[in-house]
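Student: Fit chain B to the known structure of chain A by using the hints.
Protein chains: 2
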Amino acid sequence: MEGREQKANIEIEGVAASNWREATMSGYGSEFSENDGDAMMIRVPLLKKRTNQTSQLAIVGANVSAIESLDYEILENELFKQDWRSRKKVEIFQYVFLKWTLALLIGLGTGFVGFCNNLAVENIAGFKHLQISQLVLQDKYFQAFAFLACCNLVLATIAAALCAYIAPAAAGSGIPEVKAYLNGIDAYSILAPSTLFVKIFGSIFGVAAGFVVGKEGPMVHTGACIASLLGQGGSRKYHLTWKWLRYFKNDRDRRDLITCGAAAGVAAAFRAPVGGVLFALEEAASWWRSALLWRTFFTTAVVAVVLRTLMAFCRNGNCGLFGEGGLIMFDVNEATTKYSAADLLAIVILGIIGGVFGSLYNYLVDKVLRIYSIINERGPMFKVLLVISISLLTSCCSYGLPFFAPCTPCPPEVGDECPGKGRSGNYKNFRCPAGYYSDIASLFLTTNDDAIRSLLISSSEKDFQLSTLFVFFVAMFFLGIVTYGIAIPSGLFIPVILAGASYGRLVGTLIGSFCDFDAGLFALLGAASFLGGTMRMTVSLCVILLELTNDLLMLPFMMLVLLISKSVADNFNEGVYDQIVKMKGLPFMESHVDPYMRQLVASDVVTGPLVTLSGVEKVGNVVLALRLTGHNGFPVIDEPPLSDAPELCGLVLRSHLLVLLKGKKFTKQRVVTGSDILGRFKAFDFAKPGSGKGLKIEDLVIEEEEMEMYVDLHPITNTSPYTVVETMSLAKAAVLFRELGLRHLCVVPKTPGRPPIVGILTRHDFMHEHVLGIYPHLNVHK
Amino acid sequence: MEGREQKANIEIEGVAASNWREATMSGYGSEFSENDGDAMMIRVPLLKKRTNQTSQLAIVGANVSAIESLDYEILENELFKQDWRSRKKVEIFQYVFLKWTLALLIGLGTGFVGFCNNLAVENIAGFKHLQISQLVLQDKYFQAFAFLACCNLVLATIAAALCAYIAPAAAGSGIPEVKAYLNGIDAYSILAPSTLFVKIFGSIFGVAAGFVVGKEGPMVHTGACIASLLGQGGSRKYHLTWKWLRYFKNDRDRRDLITCGAAAGVAAAFRAPVGGVLFALEEAASWWRSALLWRTFFTTAVVAVVLRTLMAFCRNGNCGLFGEGGLIMFDVNEATTKYSAADLLAIVILGIIGGVFGSLYNYLVDKVLRIYSIINERGPMFKVLLVISISLLTSCCSYGLPFFAPCTPCPPEVGDECPGKGRSGNYKNFRCPAGYYSDIASLFLTTNDDAIRSLLISSSEKDFQLSTLFVFFVAMFFLGIVTYGIAIPSGLFIPVILAGASYGRLVGTLIGSFCDFDAGLFALLGAASFLGGTMRMTVSLCVILLELTNDLLMLPFMMLVLLISKSVADNFNEGVYDQIVKMKGLPFMESHVDPYMRQLVASDVVTGPLVTLSGVEKVGNVVLALRLTGHNGFPVIDEPPLSDAPELCGLVLRSHLLVLLKGKKFTKQRVVTGSDILGRFKAFDFAKPGSGKGLKIEDLVIEEEEMEMYVDLHPITNTSPYTVVETMSLAKAAVLFRELGLRHLCVVPKTPGRPPIVGILTRHDFMHEHVLGIYPHLNVHK
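Here the protein sequences line up with chains A and B, keeping their order.
Numbered per the UniProt record's numbering, the first sequence spans residues 1 to 782.
Numbered per the UniProt record's numbering, the second sequence spans residues 1 to 782.
What you were told as hints is all true, and nothing was included just to trick you.
If several chains are the same, the list does not tell them apart, and a pair holds so long as it fits within one copy or across any two.
The calculated DSSO-like cross-link candidates involving lysine-lysine, where the alpha carbons are at most 30 angstroms apart (straight line), are:
id, residue 1, residue 2
1, 89, 582
2, 582, 99
3, 682, 662
4, 668, 618
No wet-lab data here; the hints were simulated from the structure.
What you are looking at is a predicted structure, and each value in this text was computed from that prediction instead of being measured.
Here chain A stands alone, though its shape is the one from the complex (with noise of 0.2 angstroms):
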């Protein structure tokens, strides 16, 4: 990166001279004050400080130069008017037909995915449990270990070659990533249909070869996938356009198609379509309007029928192991309805503890990730080994953990079920003589769906000894925390509740004599207060946990719990998806405004002088600009002889630029010719391309005497930017900025008589690390 900025850097003053127009070029420094992506490394005043932050982001997310920001702006130029107001009613109609259309087709795609992830999980897991039972019934503990082992050892490496060789994007949850994009953050390929294919059979893998992940946040990110493969139009390449869809080609449909996926992933995981809807609103979209969330509903009502439908198909026993299970759904409606004062106190002590934990777990995980990215960024191969050794580790825990521990004696009552003898159930006869079961076993040796079931049961018979929980919760805790981060697609929900269920229960057995809850319900509690310390979401996990439970009874104390250990844990640290958009380096525009920029006017982090363009500009100072600079866009002021005195035009667009030098309409003398160019161009021309990053500047052939040309920018200048006057305080500008979208935000001058325009605000001038960079001095924290 350095390189090429000092490359850019001496290629600009060695042209200096010769054909940049010198208004521009006298105040041409080597900082660019817009710059997506690139932003964080080219300001030479900084640079130490930047290139530090830089190493230590590209650890972290290995895609951080490959950002580029959306854009939510109503551009209004020329071209776009002129289609707009030959737009024909019926191109309305097509418009709302279509996006229903699509809205169906990603509740139908996720539903489907949904439900064959589950079959697949539980077919193969099943199989691997089933065969360790019948070796563990022949007393061949080894074998069986080494069958478990091996099992796991090929699933984990399947997983991890997919995602290391073919979609490194597809790693980890993909909330973080769906969040950012929502966010108007476009990461490199995070939507691509290769991370779509390595997401669902990662998950697959990584899922069955019992590491202790999640399906469910893979399956948010896989809904987005849906969505954006939906959304993209067809692909140019293989000729398989579609003239309706051309109207999803910008930045602000395909994110309501993408909140849409990320709603139909959450309602798919947990069967939850409210909770979808919720989960959408709450933690996912950064702008959020009724319109959508209508649409959001039908997609999710639509994902939870054609489960409901393929669910009822499996009833007969089609499906070989899925049998009723897979899609958690835990059935605790015999919890009490009555409750005390002691009982309001246990809530509370459970909301604390999830509260320390919650925060706890985001800082491990935060530390346990930056160890990881060390050995990730070493290559492929390294991943691989990297999985495969927690594979190990896991193997060993699970297996290692009941072998060494006590036996139990069968209840009574429960005659022949104990010990059982089947892939699941509460009474595992592991290594234990008859009569006895290994309670353990039956939370370890099991599919993660299965383990928690357990925990969640109400009837106190099936109890667990507290060495049990205590076990598997330390386990739990610290396996979920060193799995996060390998090179699989790995949820956090599940790793969470197993060790929330499990401290949950832990605390019940403890004090479940002053109160009326049950252990099961005690189990639930917890679950939901590690999950608000770790995510911090409080009404969709409310509502996810109600439809998982299906007993709307407990939802006061669920809405307490969820408040007391989010408020615990928010005074610690940040929610987990947030640290990880942050580590990843992805210029997350917060909703609230923090007060120092208060302090701050808008002129004030504006760096560096502006590179402008003029109404009718010599295509050799287009190609320059476009060349030496990262910027997406260019101020475009009209000067003398094309106006009394220079006036700001508008701004327009790099990607809207190299369209226009493509079409090569250019004129030997400096004259407006925009009625030209309208009959040469169409709207459509302009649209965001469906996936990959659509024409560069190195793509274009310019000849040497057309660089002498000229070329008129005002049919393709988006006349209306918004602005902000050079005295607005930061803060105030970033509220415009963030409400409405934007990708550029104007600053003029307050005083009549100077250059139209100061400086352009991008999403990067925002951040903590631009502006603490610029005043090192002011005080993050008042």
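Tutor: Just chain B, lined up with the frame of chain A:
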């Protein structure tokens, strides 16, 4: 209105040559561009059209002239900046602490009021029905009717008198007004303490009087009033101010509180905490942040806990006739979870019926409201008379229709229960011989809540006859329509649920044999479809109904039926609340922009020249500007010698000017006295008053010689108002205005060298009526 305006007009012209600054005066005509509230009447070219409209609006919304816009813009003037800089860290903690304390108090208050409301209604209505049962058992049919009619009449008259004489704003549902408030429209006394008082007691008496009205809408309004009262920071009149509460003396924090209040209202009305949050989000609020989601959620959780505790107290029989009833909670847990294709068809049928009936309902409500408003505007006495006649009609229907209905033989399996003798139950023996019962009496001669419960009961043995269901549906449909709009607090939820459940059960009885659903589920889906058809909410209704019925398994059906009925009904007209907001003449800013707005630019709708002030202005000019215009914001222009060329210094608010004038910090010479003024005033002096209108220009006494002195406006001028360029399309400007919740939006010229401001846009300038008044040729429906 017209008289006043004409006077203003003449006066302006009269003073033109004397003490009014020429620059301002030269272009001063008869049109004001910025005048919240009065805007609709004072543009001369449009006078005729406007007058018609105004009179029409005035009929419906009595308070249309008392509307004030709210302002959510961050004001950056020197005084506020100074205040902000001196703010200590402890004050931020105070603020956060208070925010949560207020949320807690709102929850406690609303929960308590909601419970008391139900307690009172159940006891009053229960006593009434008990007496009637006794009289009927003694065959005293006429006495029973007389008793019923008298009871209803007395209760209705009390409710109407409260409404008509004390707080007219308490009539109706209140949801449209709360919705408008949260959109930035403060209608006169809509959240005043007197309104709260009347809303609570009027609702109790109205519901107890047997009207086909609910207590749910009024609960939302009650919650909002409680929130507003708590957020006002005491009362200066009674010396109950408390320093801490000054943080809430602004529109933004009040908006948050009232959002919490609205959510708490729904939570208290339906015992649906999650539904309450979603209602606030989907229907009530226009702006939303995720921080607010959390706070709202806390408030509704508190409501849920309060209700549970109080109901647990009542379970021992401490609450008279309250028993287990009151707060509706329908348990239809036995409903089937299987479904077939025929069931999906039934859902589609119900959805379509709901959509058609829903839009018809809205249409009729609209018409009836227009007729009623003619009666209501004749005076409070007419309001009371209207209520009395509707009360008599209701009494006749609810007693007369069962009177002429045939009897049904008791089913043998229920034994002694039929005919029942109590005040509730499904086997009323009203007028029937032994061994027979009147099924229609069990719907009409009971409270609305009990009727809903009867309809939603799943067990099929308690079937209603087709004719009964039909008669009940028709009666509820039309009584609901004629009752809304009379001068009592009247919710729309209950009438709609009653009508919907009866046609749902009707459809179920007709086609039930093809389906797996039972009649109770049909009734529930019917209620959902009708709610969807009238109110057009989806997610929140779905969750509210789920929380009411406590069965999550029918979620997908409910979602589908709501989506279908909403989609069908949206083809005909708007949701009932939107319709009422429009009819009341409240300038509601929609979240979407109409396509025709893209054909106009911002300067197109700026009408009439501007009243501007100078940075240091003659007191007389300021007073004149305040007296002669209704404007609430004035641009401040710095002119030579204060600056080199005329430059836009910012925007000053009427309320701030009034406070400044009252302080009388005037100077003899035209000099900048900023720091002097900064020392004289505190930011709190300029805070928005709690209730009432604050200072008025008529309250100020300015001596003749003071009029010739100067006042420095700089310290109170917002130096960074949001601006748009005059060539920005109206649609794009509307997005900015709406998203940021502005009150004033400055339009600046595109080209340099002109006066620095073209005009100011306010809420009214974006309204259809205004735009189409100027450009009648525009095709709104494109």
